[in-house]
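Could you put together the complete structure from these sequences and hints?
Chains as they are written, first to last, in our numbering: chain A, 1 to 283; chain B, 1001 to 1283; chain C, 2001 to 2283; chain D, 3001 to 3283.
Think of the hints as simulated: they come from the structure by calculation, not from any bench. All values derive from a computational prediction rather than experimental measurement. One or more of the hints may lead you astray.
To be verified - DSBU-like, lysine-lysine: derived pairs with alpha carbons at most 30 Å apart:
#  : chain 1 : residue 1 : chain 2 : residue 2
1  : B       : K1087     : D       : K3015
2  : C       : K2087     : C       : K2162
3  : A       : K15       : C       : K2087
4  : D       : K3087     : D       : K3015
5  : D       : K3147     : D       : K3087
6  : C       : K2162     : C       : K2147
7  : B       : K1147     : B       : K1162
8  : A       : K144      : A       : K162
9  : D       : K3087     : B       : K1015
10 : C       : K2153     : C       : K2087
11 : C       : K2015     : A       : K87
12 : C       : K2147     : C       : K2087
13 : B       : K1162     : B       : K1144
14 : D       : K3162     : D       : K3147
15 : C       : K2153     : A       : K15
16 : D       : K3162     : D       : K3087
17 : B       : K1015     : D       : K3162
18 : C       : K2144     : C       : K2162
4 protein chains.
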Amino acid sequence: MSCNLRLLISCPDRKGLIAALSSFIAMHDGNILSADQYVSDSGTFFMRLEIEGEGFGLARDEFAGAFAPLARRHDMDWRLSHTDTPKRMAILVSRYDHCLIDLLWRWDSGELEAEIPLVVSNHPDLASRAEIYGIPFHHLPLTKETKAEQEEKVVNLLREHKVDLVVLARYMQILTPTFVGAYPGRIINIHHSFLPAFAGADPYRRAHERGVKTIGATAHYVTEELDAGPIIHQDVVHVTHRDTVEDLVRVGREVERRVLARAVRWHLEDRILVDGNRTVVFE
Amino acid sequence: MSCNLRLLISCPDRKGLIAALSSFIAMHDGNILSADQYVSDSGTFFMRLEIEGEGFGLARDEFAGAFAPLARRHDMDWRLSHTDTPKRMAILVSRYDHCLIDLLWRWDSGELEAEIPLVVSNHPDLASRAEIYGIPFHHLPLTKETKAEQEEKVVNLLREHKVDLVVLARYMQILTPTFVGAYPGRIINIHHSFLPAFAGADPYRRAHERGVKTIGATAHYVTEELDAGPIIHQDVVHVTHRDTVEDLVRVGREVERRVLARAVRWHLEDRILVDGNRTVVFE
Amino acid sequence: MSCNLRLLISCPDRKGLIAALSSFIAMHDGNILSADQYVSDSGTFFMRLEIEGEGFGLARDEFAGAFAPLARRHDMDWRLSHTDTPKRMAILVSRYDHCLIDLLWRWDSGELEAEIPLVVSNHPDLASRAEIYGIPFHHLPLTKETKAEQEEKVVNLLREHKVDLVVLARYMQILTPTFVGAYPGRIINIHHSFLPAFAGADPYRRAHERGVKTIGATAHYVTEELDAGPIIHQDVVHVTHRDTVEDLVRVGREVERRVLARAVRWHLEDRILVDGNRTVVFE
Amino acid sequence: MSCNLRLLISCPDRKGLIAALSSFIAMHDGNILSADQYVSDSGTFFMRLEIEGEGFGLARDEFAGAFAPLARRHDMDWRLSHTDTPKRMAILVSRYDHCLIDLLWRWDSGELEAEIPLVVSNHPDLASRAEIYGIPFHHLPLTKETKAEQEEKVVNLLREHKVDLVVLARYMQILTPTFVGAYPGRIINIHHSFLPAFAGADPYRRAHERGVKTIGATAHYVTEELDAGPIIHQDVVHVTHRDTVEDLVRVGREVERRVLARAVRWHLEDRILVDGNRTVVFE
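Following this line, the structure appears as structure tokens:
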């Protein structure tokens, strides 16, 4: 498989940006495979370009130098990724297995462009689920007293394994600001409600009490404020008065795993840009 | 069309209730067209029976007398309706026309078993929308000072027209406890968010600010507490970062009218029972 | 409201097309409001550009001349539209009113950028539905013998009113190849099944007989072969064993009107390109 | 967990059936946990009763004798199952793993009331997927010449393991009439299209060629005619012009596994009755 490039850009909107960017690519003999663009209400320009690697005239170590003047002129934030260098993704879990199993199955099926150097858990239960795919499982148990210490170990592990993306696949611990600050826009959580409804603990029980007729799940980037980060994807299912809390948990699992998997996939394919507390998703 | 009967029952659960009820019907030569039953977590038994009118041995004025002893023995709350006596439904609107037009079209198409003796509004704008279907339109303008007075006029109108069901089809006024108390479990409102998210004013703007990826609508019975009554139906649509607040308003209209129409239909067909702050819906 | 431009292009794919097009716009001081692009499996490049009218350096009558050399060099099929010149849309109906009412309501609400110079029907029933919005209604009755003649009259009416788009809103007549040939890619039909299932007559009855658990609707461009043209949009709803054919008709109406309205909206906003027997839809 | 009973009945409709059935249960001190009933267009009465085992006055070996006279009088087809005796389910697979993995995960999570004595495949690939859950995997390879022989081996294995339900989880072989006849109404297949569209081979490729905007999956009971048996459940997902055949395969997997799992669940919970070529599903 040949290697393609993905260029993500955001900058203040002005005339001629698409021309400038596409001409830069054309000048270096690049073939644009796909182009998506969006201008937010607040006047920020976002663009995602996928460029064919074959025939592109800029070598990997030449791109930044060649692109810098253009980027500087337009105040661009930008990042480049190469499809032959998948992101390194760590999965953090506790005891619920559905999101983990689903992510690993998709990864094994080739749906997720990632390396998964490790799975980390505060419980030992799911070790075999990771190991069947040959992925090392790290059990770092946790008590109230050892929480700070355990989290430090986790962060060290992530650093050691050069992790790019942290996926909280029903990880039942609230991360400290330090952890969150170490991976800005690179921690994805799945919350088992359609946010902003039922943020916080025990959403299915609260949904049942309120008597809602749909339940949902929300994948979002983690920020310091609990369940308040930029939303990447949401979906819901219909429920009825017959559904007990246990039924909500069961049908909710299906939405959770689907919503999380899609958010992770989009992140791995560089389809998401953060715009304040909102996300731009180039599907 | 022959007249069928619908019997709605709730009572403390115990053994033999279905046998007692269906035997009562059989004893009077009744044919059960459909039977739905549910027992809530808290041990309340709910049942809906649809009985063929033709051949049923109890005359209309005999039913209550014949049924009373059974109902008393089991502490039943019950109500009976006849399909040849559609409910009398009033629609209250302000300026948005989509829910009104949709309800009237469905009514005209035979989807809604109701008489609509009147449409009431605090604005004159939608008069022609009601009048094209031959339905009287009452314009009762409203200022801060005249609110109490206007509401009294509305309630009087509803009484005068022997209204059974009040539908708030995007009626932009909060009802007083007096109004609400006069029609318990008989006022249906459509709220333009998936409750409990974005209760109160301006949900689309707030949804846009929060960056949600689904918006929704909720039909619920009105109680004293704003947007907190028993939910009848909810649905959502997916939105993206490209959708402006105006786009949310536009696609939201589609969900609002659909969700409201379905809730109204269920109510008119006696498919809804209230269970505390939840609804039992026998679809 | 200022006038913007929409440029739709298709041509053989090659390197540098986006650069060429966006540079052409930039050269004439144009601001690109949105850009969508797609390359099909067969190597055709499709693009939709929305350009701000204000500040654009090419006058309306200058564009073609300025753009021609570029278009020629790349073998482009292209068309340009201006947002201040809405398309002229005719609606053809028979007796079912739901699609007509829905389209007219949306048009009245500002959802559809169109002029509607006329509604044509082979039945008189829906005249008042058009006339409430001030739209002329033409009743052209039809018998087996007069079919050819009536259709000619319809086509003449459409020509006379300079119609750009013909919408068959449950028009229960099969158009002749002559009619279809007069409006290639400009006749939208709503078929009441999820094509290719249940093409042809009586899809709801056949769906009921087959015992399907979802029914749907399909909006497509009309071609000579019945129900076989390029599909623009489809959607479905779940049904159960309890749903009679009449129930399918009722819930189907809801999908039909929604699917048709969306397809019409996309066409009016120049979001659809035809790619053989498939459509490219830039939502 | 106590053992409850599920009674499924179908018979010609007449007055008094619900009374007769519920009185029979009440007479033996039974508590009805749930009751669902339906009368088809053709006048067949269907009922599902769930009866609390605790306190029920008929011992397991007494039920048939006590119920026979009532059943005979009303020409009832009936079957009884006990929740402490889960059905024995065999899963047949070829090489695609998604349906198998999903079923096994759900089974392990307690979503599926079944014993799974074996997984059978004509390929060795998925052995580890079954074995991780401790389920014996039988590899019975197959050539054109050995097909009859292999199938006989499969049927013998199923008999030997007293299998009640056969699930074809993307099993890429057409069963012979003999096999099908041995398990009437007890073989569930997942077909990767929304039937009746794209019955037969290669539905995703054909869907792509036709340019549909939704793809789906259908779970149905297997009958002699290919992909023509009674439909249990169907669902769809939206796709766009950007989706290649490979993308359809990928998103299709998600619908397939979800639709199959739901159908299997309903069957295991005795929620499905066959009504000619349609199914009655008491959700």
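Okay, the hints, checked on the actual structure:
no., hint, in the structure
1, B/K1087 with D/K3015, "holds, 28 Å"
2, C/K2087 with C/K2162, "holds, 9 Å"
3, A/K15 with C/K2087, "holds, 28 Å"
4, D/K3087 with D/K3015, "violated, 33 Å"
5, D/K3147 with D/K3087, "holds, 28 Å"
6, C/K2162 with C/K2147, "holds, 22 Å"
7, B/K1147 with B/K1162, "holds, 22 Å"
8, A/K144 with A/K162, "holds, 28 Å"
9, D/K3087 with B/K1015, "holds, 28 Å"
10, C/K2153 with C/K2087, "holds, 21 Å"
11, C/K2015 with A/K87, "holds, 28 Å"
12, C/K2147 with C/K2087, "holds, 28 Å"
13, B/K1162 with B/K1144, "holds, 28 Å"
14, D/K3162 with D/K3147, "holds, 22 Å"
15, C/K2153 with A/K15, "violated, 49 Å"
16, D/K3162 with D/K3087, "holds, 9 Å"
17, B/K1015 with D/K3162, "violated, 36 Å"
18, C/K2144 with C/K2162, "holds, 28 Å"
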